[in-house]
Each structure stands twice: as structure tokens, then as C-alpha cells.
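Colleague: Model the placement of chain G with the ligands on the given structure of chain Y, informed by the hints.
If you want the building blocks of each chain, they are given just below.
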Amino acid sequence: MAVITFEGVRKSFGHNGGGFLALEKIDLTIADKEFVAIVGPSGCGKTTCMRMVAGFEFPTAGTVNVDGHRVTGPGPNRAVVFQQFALFPWKTVSENIALGLRNKGVEKLEREKRVHQAVELMGLEGYEGAFPHQLSGGMQQRVAIARAYVLEPDVLLMDEPFGALDAQTRTTMQEELVRIARRNPRTVLFITHAVEEAVYLADRVVIMTRRPGRIKEVIDIRSVRTAEKWDKYERIEDVMDLESFVHWRTHIWRSLREEKSGQDR
Amino acid sequence: MKRRYAIGFLTIATLAIFWFLATGPLALISPGRFPSPPDVWASLKQVSTKGYANGLLYQHVLHSLKLVALGFVVAIGTGVPLGLLMGWSRRAEAIINPVFSIIRPIPPLAWIPLAILWLGLGDAAKVMVIWFAAFVPSVINSFTGVRRIEPYVIEAARMLGTPRWRFVREVLIPAAAPLIFTGMRLSLQASWTTLVAAELVGALYGLGRILNVAQQDIYPGMIFVGMACVAILGWATTRLLAEVETRSLPWIQMARA
Ligand SMILES: Nc1ncnc2c1ncn2[C@@H]1O[C@H](COP(=O)(O)OP(=O)(O)OP(=O)(O)O)[C@@H](O)[C@H]1O
Ligand SMILES: [Mg+2]
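Protein chains in written order, with my numbering: chain Y, 1 to 265; chain G, 1001 to 1257.
Just chain G, with the same shape it has in the complex:
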């Protein structure tokens, strides 16, 4: 394991050195196309202290983070229960599935124009688009999670006389939990993708806004800062979710150990 980390670290270090040399002393890449490390550093300093595209870096970050959190929570808050319901009740599936099948093939980003038309350039439009995009994987995976429950586990719960709500809380949800979490992870990724896309198209603040303005200003260093922020935030929120998963499913960790 340690060896793996060492090799990974070496690869990254090599790339970083190459980046430094190619954009600096060796002048292999024009700074107008690809920023040098000092360019990126200067851009970072500028957006953090003086501000860029209507705000300071932390304001943009908080704004994007807030929208992702909102969209994600709304998406899983509706998607997971809907998926569970469709998994459990054949009737609910029969009713909902046709609607779902019509909406599903529409790429989530195709909702952006309509969302802006309805709700303007503000937050509501973005939350709506994130919701539409992030909702789908949560529904599908929760649904599959329920359908894959071993029938005799359900029979055991019935034999023990488990009342309905206790059954949902203590049998249905834990049994489907691994796939529910898979769905949430995909939903989280979809939330970030959609947010950045929506902010690129039209926003007053946010990381997508930084990217958009930096592109118009032909400012590669700032584009780089924006991309790096999205990557770091995406990684951090995914890690956070993985941590929640580990803590919520102790029996699975035990089984692996």
C-alpha cells in the first residue's frame, strides 16, 4: 500500500516539475494557452484578496457549495423515497415508471434553458436543474436496492410480525442501503457537473461564473483556479459522503475486515 502511494506521489511530482519547466524555462507551451505555476498563483491571489467576477473566492465557493448542497438534498430527499416506493410497490412502479421513462432520456443540461426562462438567473433555476439531474441515479439505485433484497429476509421479518414502519426503517432501508449510497454518490457527482454547467450558462456568482468570465477575459490562470476549486470541492464532498456511508453501515465494514 505504501509503495502504491509512493509511486502515485512520484507521478504527480514529475508532472508538476514538467509543468513548471515547460511553461517556464523551456518555454515549450505558450502562456496564452496554458498558465504557468506563477500565473496560477497570481490568479489565486487576485481572486482571494481583490476579487474576480463580482466576488472574492470564498464567496464564489460558498455560493456554489450552497447550491450543490441544496440541489443534492432535495434530489436525494425525493429520489430515495420514490425509488424505495417503486421498489416495494408494483402498483407505484406501474404508475410512476411511464413518466420516469419519458423524462429520463432528456439530458439534465437540456433543462437549463427552460429553468432560466422560468426562474431567471438566480439560485432557484440552478437548484431545479441539479434536482432533475441528481434525482435520477438515486431513484434507480434505491429501486434496484429494494428489488434485490433476498425474499427470505422479507419473509423472516413478516414471520416475526414486524409492523409496517418498523419494517421500512429496520429491514427495507438497511437492506437497500448499500445501493442507496451508490445512488447518492452518483447523485453527488451529477450535482457538481450540473451546477458548473448551469453557472457557465448564466450566473451572478459561483465557480462556473469565474470560469465563464475568465474565458471571456482570455485568462488561463483564472480558468485553472476555477477548475482546481471544482475538483477539490468535488473530491471533498465525495469523501464526506463516503465517511457517512462507512459510519452508517458498520456491518459491511465488519464483513470486509
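One chain only, chain Y, in its complex shape:
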């Protein structure tokens, strides 16, 4: 079980929280095993929302709870895929992936098995002994995802995890993520700039306003997906051609554009 709730969350940075306001009036409940994507203009506070669930940042007012417990710090039940990868450059690919399992006290044989599975899942075979610097940005990002997945966390927090990938790899990873998410669902908070990605992956898409970030709109994609039977298509491009997909994608685009043009003024 892992239910995430934001209740009346406000977050400001600077002098004792009196400085500048980043987030305001955030109320959101993410159900167990629900996949929620957040989209919004740059700097609107998406990462900050995620960091409060991860336990790196705390609300100035209001509460962030996971399973009814206030978040007091980070923990391996809430795995994070960071926007900047945050791999350990001095550890090899498999050492990076294995650290979380070692910390959990998973014994060696079991650990090796699970690391191997994660390596296979992310298509990193043959690179187990490589250091992060020897990999492309896309591969580093896949290591970061593997490192989070291998923990089998209740909650997965992903901050633009596919941002560094090339278009082909990105598509493969999106399809892969959908496959994993359907087979072995977890509570996921997924941040992205790519609207199509959000609509394709998420059960619900949260649109945020420009700074100070508030929730502008929450769109229930899951009921559309079920009604229109998106899941019978295997390829992302087939789903993206569907009228229902186009409709919601355009809707979110418009909503975001309003925010961005407002920002320019």
C-alpha cells in the first residue's frame, strides 16, 4: 500500500520560509498503484513537489503524507530517479544498482539475481562493469532507473527520467514502462515536459500553473484509456493516432500554452 496525499501544501524558499513562494494550495491524493504525471511550465515547482514526497524538502505549511504518515525523510520505500541521474561515478553499473539492495541487507546470491534482472530489463547487458562516465547520457539514465526499480519500492518518483534519451530509446523506454506498470503496478509520480508522454503513461495528468505553482487541472486519462481500449495497441504511435489521445493531448497543450504566454507578459 502506498497512498500519497498533499493537504494544503505551501512551500517557500529563503529566509525561514519567508522568501519566495514556489508552491501554493497543493491538494492532491494519489491512490495506491496509481500513475500520476505532473506537467507544468519550467520552474513551477514540479521537482519541489516530488522532493517533498521523497523527504528531501518539507512543506512550509500543510502536510505531505505517505500511507497516512507524515514524510520525515528519505527512505528506500520511495525510490527516486533524479533529473540529473545522480549516479555514483566511482561505482560500476552493477555496483550502482546493487547499493540499495546491500543497504537493505539482501544476501549476495539474491542480490546478484535481482541486479541481473534489472540490467536485462533496462538493456544494459555487457555494461555491468562499466563506470557511468563510459556510458552515453541515455544509458546513464537507464542505470538510474534500474537502481530505483531494483528496490521494488512502494512509490516511484521520477523526475523527467526520459529527458536525456534520444527519440528512439525514449519510445522504447515509454513502452517498456507501460508494460512494467501494467504488469507490476506501483504508485508513481512522474514529472515530464512532454505532454504526449504524460498522456500515454499516466492514469491522471496534473497540470500546474506558472510560479507560484498551483494545481490548475487534473485530467482523468485512465477512464478514457479504458473506454477507448488504448491498451490493445502495443505501439505508442498507434495510440498517439487515436482521436481520444489527440483530443486530450491538445487540451493539455492549450492549457500549458496559456500558462507559458502568461509568463512572457
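Rather than coming from a laboratory, the hints here were simulated on the basis of the structure. Everything numeric in this text was worked out from a predicted model, so none of it was measured. Glycine is no exception: its CB is placed at the ideal position from the N, C-alpha and C atoms. No incorrect hints appear here.
When the alpha-carbon atoms are kept at most 20 Å apart in a straight line, the in silico SDA-like pairs for lysine to any residue are as follows:
(1) Y:91 with G:1245
(2) Y:91 with G:1246
(3) Y:91 with Y:129
(4) Y:232 with Y:173
(5) Y:91 with G:1148
(6) Y:91 with G:1161
(7) Y:91 with G:1152
(8) Y:232 with Y:242
(9) G:1066 with G:1236
(10) Y:91 with G:1163
(11) G:1050 with G:1040
Label pairs and their computed distance ranges (CB to CB):
(12) Y:104 with G:1101: 39 to 45 Å
(13) G:1101 with Y:121: 51 to 57 Å
(14) Y:183 with G:1097: 52 to 58 Å
What the simulated footprint calls covered on chain G by chain Y, stretch by stretch (three residues with Cβ under 8 Å from a Cβ of chain Y suffice, anywhere in the stretch; the number is not a length):
(15) 1154–1166
(16) 1173–1179
Modeller: Just chain G with the ligands now, kept in the frame of chain Y:
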């Protein structure tokens, strides 16, 4: 690369030939001021076989080497952990930094008289002075190494539930390692400088002792031998440390390649 080496070799060879000619056949430089190659050779033979300033060359060398090694190990053994601690804990920094700021501007060599007064002309005084001198760069660089760690790398370790000691061993130290090594290299240089200075002021054995006695005896050839030994040992120990660094930080070599 080969070309570079060839040019370097040529420069040195030219200088050596000039040295030979200027002190010998051309008699441009008086042998009382600057030794000729045969003078140096004779001095080397004398100190190696008959001995000079209370001992044979290898005894002096071993003695100096021992003191540098001791001082260096004590200095980095205390300096690196202290720097790491100050880098990690704002409280530790607040406590230690004022003391450190008072001691730091004192040139290490200024401790020599006090060290001799306290501990005499023996080894302990020299180890103490080396410690004081070599300690500072290790502290500063280890401190900076920790402060420069990317915050999200620390967050990743916390997110993965890394326990404290594993965090120190597997995250904090490797992340700061390049700067820790920079600090150690500077500490090593400081160790040699300080040792020679301390031995010049007062010692019973050692390379500084050879230099000191040779100066009193007005013996340029022997001064030259002493200087050359310090240079060679300094270079060799620095190379050794660089080798240790290369082997301990394989991921950095990979990144450069
Ligand atoms: N630790 C901090 N101290 C001060 N200000 C911060 C801090 N973290 C974030 N901010 C500010 O809060 C605002 C929201 O930042 P956040 O990183 O959450 O935005 P974001 O929506 O993730 O942006 P992007 O899409 O560019 O990643 C930004 O204006 C940022 O400058
Ligand atoms: Mg962000």
C-alpha cells in the same frame, strides 16, 4: 609526445655539456663556487664509501626518508579525517576553524625553534614540524573535496538508505578522493621542504645535515650531492604517490581515456 621527450633530453644534455666545459676546460666558473662534474663524482664517492657528516650516504638517505614518511603519515592520518569531518559537519567546522585560522598563518618553519626547544635535536622535533607543515594542505583540500560533492549524489545515497559508515566509505571518501589526493601531494612536498629546513637548523644525520656541514666546510661538490639526493627522493616519492592515486581512482582514468 616522443618529440617532446627528445627536445627535453636535448636541453638537459646541452646544459650538462655546458656545465662540463664551463667548469673544466673553459674555466668560466671558479670551482670554489660551483663544482665541476669530477668534483661532484668525488664527493659522491666519498660520502658513499668513507662517509661524511657522521655517516654514509645511505644512512643519511634512510634517515631523512624515515622522517619524511613518519611526518607525512602522521600529517595525512590526522589532516584528511579532520578535513572530511569539517567538510561534513558544520558544527565541527564552527568549532575547529577558529583554531585552524590562528595557526595557519604561522609559517611552518617558524615552529622549528620551539620544536627543538621542546624535543631536542632528535627525530621527534622534526616529525612534529613536518606534521604541522604537511597537515594544513591535507585538511584544506579534504574539506573542499567534501564541500564540492554534488548535493544530489548525497541525496541518492540517502534515498537508497545507505548506513552512516558505508556512506563515509563508499560515497563521501570516493567523492572527495581527487581533492584528497591533491592535498596529499601538497603535503608530501611540504614534508620534504620542512624536513630539509629542520635538518639544516640542527640534526645529527640526514640530507639537511650533509648540506649544513658541507656549507661550513665550503665544499660545493658535497652541497651538490646533497641537493641532488633531495631532488631525486622528492621526485621518486611524488611519483609513488601519483601511482597510488592512479590505482585507487580507476574511474577517473577511465573518464580521461
Ligand atoms: N533549494 C531551493 N532554494 C531556493 N529556491 C529553490 C530551491 N529549489 C527550488 N527553488 C525554486 O523553486 C522554484 C521551483 O523549482 P522546481 O525545481 O521545483 O521547478 P520545476 O517545475 O521542477 O522546474 P523544471 O521544469 O525547470 O525542472 C524555482 O523557481 C526554483 O528556483
Ligand atoms: Mg524540475
